[in-house]
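Protein chains in written order, with the numbering used here: chain A, 1 to 652; chain B, 1001 to 1306; chain C, 2001 to 2396.
FYI, nobody ran anything at the bench for these hints, they're computed from the structure. Careful, some of the hints might be misleading.
Pairs of lysine-lysine residues, derived as DSSO-like cross-links and limited to a Cα-Cα distance of at most 30 Å, are as follows [as the list claims (entries may be wrong)]:
id, chain 1, residue 1, chain 2, residue 2
1, A, LYS389, A, LYS406
2, B, LYS1081, A, LYS448
3, A, LYS406, A, LYS560
4, A, LYS91, B, LYS1081
5, C, LYS2113, C, LYS2138
6, A, LYS641, A, LYS389
7, B, LYS1196, A, LYS560
8, B, LYS1081, A, LYS172
9, B, LYS1081, A, LYS178
10, B, LYS1196, A, LYS50
11, B, LYS1004, A, LYS204
12, B, LYS1196, A, LYS91
13, C, LYS2184, A, LYS178
14, A, LYS448, B, LYS1004
15, A, LYS197, A, LYS172
16, B, LYS1196, A, LYS406
17, B, LYS1081, A, LYS197
18, B, LYS1081, A, LYS204
19, C, LYS2118, C, LYS2184
Cβ pair distances, simulated, as ranges [as the list claims (entries may be wrong)]:
id, chain 1, residue 1, chain 2, residue 2, range
20, C, HIS2023, A, ALA183, 40 to 48 Å
21, C, ASP2016, B, VAL1021, 23 to 31 Å
22, B, VAL1213, C, ARG2165, 21 to 29 Å
No residue lacks a Cβ here, since even glycine has one placed at the ideal position from N, Cα and C.
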Amino acid sequence: MKGKNRFGRRLSMALVFLFLYAPIFVLMVFSFNDSSSRTVWQGFTFDWYKELFQDSIILNSLYTTLLVALLSSAIATVAGTFAAIGFYNMKRRWRTPLLTINNIPMTNADIVTGVSMCLFFVAAFGAWNAFAQQFNADHVAQLPTLAMGFGTLLIAHITFNIPYVILSVSPKLRQMDKNLVEAAQDLGCTWMQAFFKVVLPEIKPGVVNGMLIAFTMSVDDFVISYFTAGPATSTLAMTIYGMTKKRISPKINAVSTLLFVTVLLLLVVVNVREVRQERAKKHPARQQEKNPRGKKFLLAGAAAAVILLLILSNQSDQRVVNVCGWGENIEPSLIEEFEKETGIKVNYQTAESNEAMYSKVVMGGSGYDVVVPSDYMVSQMRQEGLLAKLNFDNIPNYELIDDTYKNLSFDPDNQYAVPYTWGTLGIIYNTTMVDEPITSWSALFDPKYAGQVLMINNPRDAIGVALLYLGYSVNTHDEGEIQEAYELLRQAKAEGVYQSFVMDEVYDKMEAGEAAIAVYYAGDFLSMYDNNPDLAYVVPEEGSNWFVDAMCVLEDAAHKEEAEAWINFICQTQSCLANMDYIWYASPNGKALEEYPAYYKELYGEEMAPDLYEVMAAPADVLARCEAYDALPPEVNAIYKNLWTELGIKDG
Amino acid sequence: MKNKRSLFALPYVVWMAFFVVIPILLVLFYAFTSAAGGFTLDNFRNMGSYLVVFTHSFELAIIATLVCLIIGYPISYWMAKEGPRFQRIAMVLIMLPMWMNFLLRTYAWMSILENTGLLNRLFAAVGIIDLGNLINGGLNSLCAALNGAFGLSLNTARDTAMTYFQMINTSGAVVLGMVYNYLPFMILPIYSVIVKMDHSLLEAARDLGADSVTTFRRVIFPLSLPGILSGVTMVFVPSVSTFAISRLLGGSSEMLLGNLIEMQFTGTTYDPWLGSAISLVMMVIVVVCMYVMNRFGEGEEQAVML
Amino acid sequence: MAKELIRLVDCCMAFDDELVLDHINLYFNDSEFLTLLGPSGCGKTTTLRIIGGFTTPTSGEVLFDGVRMNDIPPHLRQVNTVFQRYALFPHLNVFENVAFGLRIPRTVEENGKKSKKKLPEKEIRQRVLEMLEIVSLKGFENRRISELSGGQQQRVAIARALVNRPKVLLLDEPLAALDLRLRKDMQSELKRIQQQLGITFIYVTHDQEEALAMSDTIVVMDQGKIQQIGTPEDIYNEPKNAFVADFIGESNILDGIMHQDYVVEFFNRKFKCLDKGFQPMEPVDVVIRPEDVDIVPVEKGQLRGTVTAVTFKGVHYDTIVDFKGFKWLIQTTDYHEVGKEIGIVLNPDDIHIMHKSQYSGMFGDYSSYSEEYDEINDPTYIEEEDGNLGGRGDEE
């Protein structure tokens, strides 16, 4: 009876552990998969590990994650221990309210903590930078301007780590014999000596435990980092989150595996050591092995390593430029090339959509120098004074830009923007999953395709296609028309037509055959087509949006010259060609666009299919039925915003 | 003498003032400010339209918390009853996944739950999907027969054959993600309370005539309440406010409070004032819930974590 | 005639390879105050736990009224325990702690039908209040446990155990955590309660004074074996071996030779004594209690020695006297200064003869007087018994 119970208990525990570890196991197995598929096994390879070690973005973010975790847990441990001692000695009247405040970061939702700190940093830095600007104008001595980055990330992590340390140290203090310190002082110690010789050894388990929790929490955190890291800093979690919006590379599996194995080994070593020490305690004769000097050396070594890391990371003299582009929207080698050529370090971040990028910029403290908004967003940002006038002396390559892309409505005097790419919005569909070729936007509202459609996840494009289907202009200011378009979307959503609303997740889903139909951009279709030739692209007969993404420099950019150097570099024909080959978006560099088929042939040894070239560089007849987005007045923008939020919360 | 030592807390108190108190006050300030800068209550007036999101978030978070409790309590209890070696290994096993970022773990579930994911492939290989279709087909023809015979209009949910079970982008997947990520937060506090429980109390209960069921009900369970409360808090709060899990496993069809707030700050609809107001309301609701719960388990010492 | 309630037959208990109880045979009578006395690790708490049902003996039998109880769990035994650190439920108040056992439905047999029955609330209330009155805690019903002093907690623990009207109450060093004054008060209180209720108390302690003051019967244990069973007077006056002689009170223990009945030789001198039944010329241990020795002027003494140390103890002086290198402790009311030569006289009834045992030569010499003496007298000295009291019981 008893044995049976025990078996049942163990079995259920085993099941829970299986539940906890099965996904991790899957993750690890597929890090060795000889294909980028996350679900189909196609042979064993170490390629992802090789690639991982060449991927500076993942490695950098891993480094940031570990550095932040180490530093914040170390600092939090020291600060938290002292704070715990302070609280312990405090009168109850003071201690109780302070401890309540101390508990806030622990009990509050992460997102509130993150958001509140984000607001604080933005406000504080905004005030400081305004003051610094004033000051710098009047004085020879220069004050630095501040932006969110590694520092704010570290502060945030320290802030949420300290309460855990206090929580872990306080009980040990309470358990401690109150007379210990007095005894030590009685025997001639100063308070400090008493602390190190008596108190610290006594509360050590709590301190170590607190540090461990702090480290764990720091490594595990995503939400707070997400709101406080700024543009140039990214933890591993943030990188992954950015990637999950696009194609997730098995490099992530590889880095997970490495992390897991490292931690596992570490824990095994620690535990084996502990068990040994316990045994040694039972057999005191063998205890002399323990070498306190070795321990000190280890500690000193660790401290030295941390300091070294700090020094290495603190190469503040280097020139940098913070670029915010779209996911998979730049040939990575261009960044390296630029860095080599100019010695300017590029922090390349991605935003999900124009609106998301705009949010980050307008919130302040984004720290971006270069942004790549689409046409309508360029107008909006220009009108709101967020963009800086460019110094075209620094951008001689601007003359390579085709005249078609100059003097456009979003930048009539060619003062603020340098076109980066252009293309069309259209329908991508899987030919094996639909009965007939799709030619109309109607497919997006057809219950026939319930659960098969991926709707684009930004208000301008989503409401835009509905407007197009209804035969209205995408630039309409008429609330009734917009409302009608919204109704169309809402009803389709209610009927379950949309599997989900996505941006770059569309890659993964369409390539894997998760969905039949999606709304997305021409260039991205070509990327997907590379991996799944069943896909097809169409600019529907009702017409569509023709867009230009353009590079702009922000008014509050800290590195304007570097930003212009970057823009100039990107405009070179060679850069445009390489970029086009990677992202498949048409370049506004006329020469590059023209030369691309030849470039393709040279590179791959075969002709580029003309229809694919036409998808990229839409011919005149297609462009004729396309319309560019204009900037909308604030009241129309507000309508979009409200309807969009409402659409999001309506149950599907 | 005593007061002097309390000065050790001073730097941290200053730190808290800057990085905890002022930020929270800022949220408060933003919540009552309009985009134009003046005082307003509009942010709250508009809250009504988000009621769905609130109820949905709380619903999912409550389900996830209950599931965690139902799984977590017995596991913690049984763990505490095992030998010290077993306990140590089990603790390590529970902590270990936390050292991989929770996004990595959530991401792992994506490839399992997708329509063409591992589970669906497994189901297809084992024939469960065919079985489902068979049953469904059978039901359909049964309905058709009945309809024909009696002039009824019976219908089954699905009239075409399915090729997969829809798992990702459902509420279920989001709850699964929450349970998976936060289960350790339920197990650890409960376990640590149970394992520290004075064994002589259990002996005393047995001695006074309680059988094992009564001992559990009247002694062990009430004494483990602080652990349960702490576990519930630690699961519920992150669940109700998550945006990454719902984003990754729920697609955009699962809009939770976290997503709503995130949208206002860095997402597609920039409105930090509304975002602050939503955060504030959420915070208040959570605090009230916790307060009520703590009253319910009144008087127990501060729940111990880990 | 006292009725036998519980009997342990050949009980052995082994943890790992260590034999903690070594063939214990013991019975407990109705209405008896019996004390298990011994140093830490002697097996007394293990014996108690076997009776309580918290441990099952490795071998041997536990009989209640002649019925084998080895595998009956604690909640089905008509025995209740007062734990060393009280084990009061922190989540319940005084009343609910005491009422805990009463609120548990009992299986009652009526007309051959077994049914679970709950006590009516009224009866519970009455019995709890009654019991609180007995332990002098009237008016404390609604207090939280953490608001009580150590002595009050002790009383609650006793009330909680007694309210179930057990036939036997087990007390595991219940006074160990109290200070000296409180301990003395509680001793008489416990004795009073025991007499008032007329049930059996089985009391575990390492404090010989406590044992002597309260018990009807004392069982002295060491190394898992029973060393002696008897009334306090028997144990004190007629210790069976050097261990008992030393553990109960103070003793000078000397090597001697029993020449014949009533004649013993030590220090090369023959003394008259009251003991008989030894082999002729059998080597024996001779016990002389410090308070029995009379100090006389040197010339009148049977033995002569030199005073080496004197300590004032209030009622008497502890005087250490060196007899040819062997130091005795003698308690006198007169002061004898250090260095003075004195004589002593031993009456036949002052001399107690014991057989040689494994303990011979280990006790009774006051050459290294101070440490041992202090340790025994230190009232705050609380022993950790066996180490399995507050533990989680992994070793079970």
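Hints, verified against the model:
{"no.": "1", "hint": "A/LYS389 with A/LYS406", "in the structure": "15 Å, holds"}
{"no.": "2", "hint": "B/LYS1081 with A/LYS448", "in the structure": "56 Å, violated"}
{"no.": "3", "hint": "A/LYS406 with A/LYS560", "in the structure": "22 Å, holds"}
{"no.": "4", "hint": "A/LYS91 with B/LYS1081", "in the structure": "39 Å, violated"}
{"no.": "5", "hint": "C/LYS2113 with C/LYS2138", "in the structure": "38 Å, violated"}
{"no.": "6", "hint": "A/LYS641 with A/LYS389", "in the structure": "28 Å, holds"}
{"no.": "7", "hint": "B/LYS1196 with A/LYS560", "in the structure": "61 Å, violated"}
{"no.": "8", "hint": "B/LYS1081 with A/LYS172", "in the structure": "24 Å, holds"}
{"no.": "9", "hint": "B/LYS1081 with A/LYS178", "in the structure": "33 Å, violated"}
{"no.": "10", "hint": "B/LYS1196 with A/LYS50", "in the structure": "48 Å, violated"}
{"no.": "11", "hint": "B/LYS1004 with A/LYS204", "in the structure": "23 Å, holds"}
{"no.": "12", "hint": "B/LYS1196 with A/LYS91", "in the structure": "28 Å, holds"}
{"no.": "13", "hint": "C/LYS2184 with A/LYS178", "in the structure": "29 Å, holds"}
{"no.": "14", "hint": "A/LYS448 with B/LYS1004", "in the structure": "75 Å, violated"}
{"no.": "15", "hint": "A/LYS197 with A/LYS172", "in the structure": "16 Å, holds"}
{"no.": "16", "hint": "B/LYS1196 with A/LYS406", "in the structure": "74 Å, violated"}
{"no.": "17", "hint": "B/LYS1081 with A/LYS197", "in the structure": "37 Å, violated"}
{"no.": "18", "hint": "B/LYS1081 with A/LYS204", "in the structure": "27 Å, holds"}
{"no.": "19", "hint": "C/LYS2118 with C/LYS2184", "in the structure": "38 Å, violated"}
{"no.": "20", "hint": "C/HIS2023 with A/ALA183: 40 to 48 Å", "in the structure": "47 Å, holds"}
{"no.": "21", "hint": "C/ASP2016 with B/VAL1021: 23 to 31 Å", "in the structure": "57 Å, violated"}
{"no.": "22", "hint": "B/VAL1213 with C/ARG2165: 21 to 29 Å", "in the structure": "23 Å, holds"}
Of the numbered hints given earlier, the model fails hints 2, 4, 5, 7, 9, 10, 14, 16, 17, 19 and 21; all others are met.
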